[in-house]
Amino acid sequence: MEASVLLYGLVNSAVLMLTALGFSLTFGLSGVANFAHGSLYLAAGFIAWMILHYLGLPFMLSVVLTIIIVGILGAAMYRYILMPVRGIALSEVIATFAVGVAILEFFRWAGFVTYDFNLPSFVKGGVEIAGVDVDYQRVIIIGIGAGLAALLWYFSHKTKIGLALRGMAQDEYTALSLGIDSDWAAAISVGLGAALAAVAGLAILPLGLISINIGYDVLLIALAVTVLGGLESTTGLMVGSLILGFASVITANYLGPQWSEVVYLVAIVVVLAIKPSGLFGKFKELEERV
Amino acid sequence: MLEINSVSVFYENALALNDLNIDVQQGEIVGVFGSNSAGKTTLFNTIAGLTLHLKRREQRKGGERITITGSIRFQGEEISLSKPSDRVEKGIILCRERHPVFRDNTVEENLRLGGYMRSGSEIKESLQFVYDLFPPLLRLKNKKAGMLSGGEQEMVAVGMALMARPKLLLMDEPLLGLSPLMQKEVVRAVKKIRQQGVTILLSEQYARPVMPIIDRGYVIENGTLVVSGTGQELMDNPEAKAAYFGM
Ligand SMILES: Nc1ncnc2c1ncn2[C@@H]1O[C@H](COP(=O)(O)OP(=O)(O)OP(=O)(O)O)[C@@H](O)[C@H]1O
Ligand SMILES: [Mg+2]
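In order, the protein sequences belong to chains A and B. Residue 41 in our numbering is what sits at position 41 of the first sequence, and the numbering runs on without skipping anything. Residue 199 in our numbering is what sits at position 199 of the second sequence, and the numbering runs on without skipping anything.
Here chain A stands alone, though its shape is the one from the complex (with noise of 0.2 Å):
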C-alpha cells in the first residue's frame, strides 16, 4: 500500500472515529439514538464561528465554550423532548432526527449558507511524514481521537458520575435503587454525547468549509460507523472506523472521490442485512434496553 494511503487512511479513520464517538457513546449509556447528533456537530461550527466573529472571543475559550453550549443544548433536548417519549425507540428516533432537521433548517433560515464560514485550524502549517504532506490539523485530530478515548475510559471506569451512567446501562433498576435517578443519567449521557459531537465537529470542520448538508453527512457517517462495529461496543467502534476510513480512502484513491460516501451506504446496508448486531454488537435482551 502507497504510505498516502496508509497515512490518509488513518487519519481518516480518526475523523469517523471522533465524529462517531458521542453518538456511540450516548446510545451505549442511555439506549438513545441521537438522530440529531448531525445538527450539533454542525451547530458547533456555526456557534463557534459566531463566538469568534461576532464576541471576538480567543480561540480556546471560544473552543470551550461551544463546547459547553453544545453539550447543554443536548442535555435540554433530552429533558424537554425526548424524556415525554422516552422508551419508545421508534418516538425517539423521530424526535431528535425532528430536532436535528430543525436546527439545520434553522441555519439555512439564518442565512448560513454561503461560502463564507470556516473555522480556524489549531495549529497552521504541516508536517512531511515519509514523503507525504500532512498538515498539523489532521495530526492533532490523531491526537484528540487517542486523547478522548484515554479520557473517556477514565471518566467511565473511575469517576462516581461514569459508574453510575455505566451501572444505569448495564441494569436500571439496580441502579435506581442505590440511587442513581434514570432520568438525569440520561440527560448526562445525552448531553456528553452533544459535547464530543461538538469537540468533533471543532477539531474536523477547520478542514473545509462549514455548510449545512455536512449536518447530514455527519449522521450518516456516524450510522454507518455504529452499526457496522455494533451499537454501543468501544472496540467496535475503533474497528469500524478503521475499516470504513480505509475503505473510503481506497475507493477515493482508485475509483474516485465521489464514490467514498457510496462506501458508508454499502456499509449500512450490508450489515444490517447479513449482522444486524454488528461485528462486535452483543444481542441485548429487549426489556434491558428500554
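Check the hints yourself; a few may be wrong.
To be verified - Pairwise CB distance ranges, derived in the manner of DEER restraints:
no.	chain 1	residue 1	chain 2	residue 2	range
1	B	S71	A	P58	56 to 64 Å
2	A	T114	B	R60	37 to 45 Å
3	A	L151	B	L81	53 to 61 Å
4	A	Y80	B	E64	18 to 26 Å
5	B	G150	A	I94	38 to 46 Å
6	A	N118	B	E12	53 to 61 Å
7	A	M60	B	E58	42 to 50 Å
8	A	L57	B	L81	42 to 50 Å
9	B	E12	A	T114	56 to 64 Å
10	B	G150	A	P120	57 to 65 Å
Said to hold, decoys possible - List time: in silico DSS-like cross-link candidates among lysine-lysine, alpha-carbon distance up to 30 Å:
no.	chain 1	residue 1	chain 2	residue 2
11	A	K158	B	K143
12	B	K144	A	K275
13	B	K192	B	K167
14	A	K160	B	K143
15	B	K184	B	K83
Unchecked claim - Residues of chain B clear of chain A, computed beta-carbon distances all greater than 10 Å:
no.	residue
16	E3
17	N18
18	S37
19	R73
20	L138
21	L178
22	K184
23	Y206
24	E221
25	N237
Think of the hints as simulated: they come from the structure by calculation, not from any bench. Beta carbons: idealized from backbone N, C-alpha and C, even for Gly.
For this one, chain A is given, so just place chain B with the ligands on it according to the hints.
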C-alpha cells in the same frame, strides 16, 4: 420506623398487594414470608419506589396499567410519592431479588457505586466494614463481578446495599439459590448488620433459616396478609406452619 398502611398494588386488574398493613420498628429484623408470586417483590419494590418508577414510566407512554394506593411512611414522613433516589437519600436501601450486580464492573467498582449517594469519607468507612464482613471480597476486588459465583455475587450485592448506608435495609430473598453453608454466612452477616443499628426487612419463601434472627414476621399469600406475629406465634399458627416448613 416504617409504617405501611392499606397499601394495594394492581397490575392491570390483577391484585398483587391487597390492603397490606405492615410496620417495622427501629432496630428490628422483620420477615415477610410467602410462596411464589405472593407479592414479596412487589412489596419491596413499592417500598423502594421502583413500582412507582415503573408506573410513571408507563404513564409517559400513555399506559394506565399499574395502580398504587395507600400510604407508606418512613420515620414519620409520607414517602409513597417520592422518587427512588429520594428514598435512598433518606436511608431506604433495597437489595434486590436474585442479588443482581453490575457484571461488567469490578467488585470494587460495584461497591463504590453502592456509595453513590454518600461522601468520600463515608465510602471509605463503609468499604472497610464490607471487607470485614465479607473477607473473600477483598481478594476478588479487581475481578469482574459477572465472573463471580452466585454466592460471591450475593456478597457483592449485599455489600453494595451496605455501601449506600441504609437505615432500613430491604432484602428480597437474600438466601435464594445459596448453599446451606452460604446461607449461614448471610444469616451471620445480617445479624452483624443489625448490630450496626440498621433496621432490616427481609423476605423469604421459607422462614426456617432466618427463624433464629427475626423479631417478627408477616405471612402473605396472593398479596393478602394471612397472619403476623413473633416467631413463636407464627410457629403455633397452623396456616403459617406451611410457610415455615414447606408442608
Ligand atoms: N411488572 C409486573 N407486571 C405485571 N404483573 C406483575 C409485575 N410484577 C409482578 N407481577 C405479578 O404480581 C404478582 C406478585 O409477584 P411478586 O414478584 O411480587 O411475587 P413474589 O412474592 O416476589 O414471588 P417470588 O417468590 O416468585 O419472587 C405475581 O402474580 C406477578 O405475576
Ligand atoms: Mg420475588
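Hint-by-hint comparison with the structure:
| no. | hint | result |
| --- | --- | --- |
| 1 | B:S71 <-> A:P58: 56 to 64 Å | 58 Å, holds |
| 2 | A:T114 <-> B:R60: 37 to 45 Å | 43 Å, holds |
| 3 | A:L151 <-> B:L81: 53 to 61 Å | 40 Å, violated |
| 4 | A:Y80 <-> B:E64: 18 to 26 Å | 24 Å, holds |
| 5 | B:G150 <-> A:I94: 38 to 46 Å | 42 Å, holds |
| 6 | A:N118 <-> B:E12: 53 to 61 Å | 59 Å, holds |
| 7 | A:M60 <-> B:E58: 42 to 50 Å | 47 Å, holds |
| 8 | A:L57 <-> B:L81: 42 to 50 Å | 46 Å, holds |
| 9 | B:E12 <-> A:T114: 56 to 64 Å | 59 Å, holds |
| 10 | B:G150 <-> A:P120: 57 to 65 Å | 58 Å, holds |
| 11 | A:K158 <-> B:K143 | 15 Å, holds |
| 12 | B:K144 <-> A:K275 | 28 Å, holds |
| 13 | B:K192 <-> B:K167 | 14 Å, holds |
| 14 | A:K160 <-> B:K143 | 19 Å, holds |
| 15 | B:K184 <-> B:K83 | 34 Å, violated |
| 16 | E3 | 21 Å, holds |
| 17 | N18 | 24 Å, holds |
| 18 | S37 | 18 Å, holds |
| 19 | R73 | 20 Å, holds |
| 20 | L138 | 20 Å, holds |
| 21 | L178 | 19 Å, holds |
| 22 | K184 | 25 Å, holds |
| 23 | Y206 | 24 Å, holds |
| 24 | E221 | 25 Å, holds |
| 25 | N237 | 32 Å, holds |
The structure does not agree with the numbered hints 3 and 15 stated previously, though it agrees with the rest.
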